[in-house]
Amino acid sequence: QVQLVQSGAEVKKPGASVKVSCRASGYAFVNHYISWVRQTPGQGLEWMAIVNPSGGPPTYAPQFQGRITMTRDTSADTVDMEVSSLRIDDTALYYCARVRFYYGPGNFLIDHWGQGTLVTVSS
Amino acid sequence: DIQLTQSPSTLSASVGDRVSIACRASQDINSWLAWYQQKPGTAPRLLIYRASTLESGVPSRFSGSESGTEFTLTISSLQPEDFANYYCHQYHSYPVTFGQGTRVETK
Numbered sequence: 814q815v816q817l818v819q820s821g822a823e824v825k826k827p828g829a830s831v832k833v834s835c836r837a838s839g840y841a842f843v844n845h846y847i848s849w850v851r852q853t854p855g856q857g858l859e860w861m862a863i864v865n866p867s868g869g870p871p872t873y874a875p876q877f878q879g880r881i882t883m884t885r886d887t888s889a890d891t892v893d894m895e896v897s898s899l900r901i902d903d904t905a906l907y908y909c910a911r912v913r914f915y916y917g918p919g920n921f922l923i924d925h926w927g928q929g930t931l932v933t934v935s936s
Numbered sequence: 091d092i093q094l095t096q097s098p099s100t101l102s103a104s105v106g107d108r109v110s111i112a113c114r115a116s117q118d119i120n121s122w123l124a125w126y127q128q129k130p131g132t133a134p135r136l137l138i139y140r141a142s143t144l145e146s147g148v149p150s151r152f153s154g155s156e157s158g159t160e161f162t163l164t165i166s167s168l169q170p171e172d173f174a175n176y177y178c179h180q181y182h183s184y185p186v187t188f189g190q191g192t193r194v195e196t197k
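Residue numbers (our numbering), protein chains in the order written: chain Z, 814 to 936; chain L, 91 to 197.
Incorrect hints may have been included.
Unchecked claim - Calculated lysine-lysine pairs in the DSS-like style (CA-CA distance at most 30 Å, straight line):
(1) L/Lys-197 <-> Z/Lys-825
(2) L/Lys-197 <-> L/Lys-129
(3) L/Lys-129 <-> Z/Lys-832
Honestly, the hints are just simulated from the structure, not real lab data.
With the sequences and hints as input, model every part of the structure.
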């Protein structure tokens with residue numbers, strides 16, 4: 814069955830960076846895009862980015878441009894997302910998710926989600 | 091960005107009730123709408139996509155409909171396991187966006 818397993822919770826100080834890892838299994842990793850969504854009590858679900866594990870540049874939501882770096886490792890079926898210049902309001906549960914189909918940067922369906930990684934930003 | 095407005099924010103209901111959750115899009119999204127269910131401490135689960143297509147494995151008591159920019163998720167007979175949060179999601183245009191969520195709670 815499709816599984817996305819994410820790395821563990823992190824606590825960071827403002828201005829630091831955090832890297833969250835997502836390992837896929839149960840399907841052909843290179844055949845499905847991976848997207849990232851975060852969840853906060855105040856903002857709800859917020860889409861962040863999407864990447865093709867086969868290659869090509871990621872697409873980022875406007876508010877995250879310049880603060881996110883994504884890397885992929887097809888030998889390990891893993892996608893990592895690094896968020897830099899962390900702020901207090903970046904405290905959130907970060908999800909990676911598999912994309913069932915992709916027609917464009919604003920036209921794709923998420924069908925499976927990872928378990929989430931809690932990132933806490935606190936001084 | 092396309093805004094999605096869900097109503098109500100909280101819905102109090104009993105087992106066996108028929109419940110409906112509305113989601114209004116700020117512009118035409120051509121049926122590119124999905125519904126997700128999320129229970130506390132778990133990730134969202136896809137219920138419906140393309141406004142009315144039931145995801146495999148989802149009970150048939152869940153259904154989706156649309157009228158223009160108004161979308162509705164209906165649970166025909168609420169079951170104990172259906173008490174959860176529900177989110178609509180548009181994937182018509184960049185950036186994709188989500189509704190603010192509806193909590194279905196026990197009356």
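Consistency of the hints with the structure:
A hinted pair counts as satisfied when its Cα atoms are at most 30 Å apart, and L/Lys-197 with Z/Lys-825 does not qualify at roughly 40 Å. Note on L/Lys-197 and L/Lys-129: the hinted pairing holds, with a Cα-Cα distance of about 17 Å set against a maximum of 30 Å. With a C-alpha separation of about 26 Å, the suggested pair L/Lys-129 and Z/Lys-832 falls inside the 30 Å cut-off, and the hint holds.
Hint 1 from the earlier list is the only one contradicted by this structure; the remaining hints agree with it.
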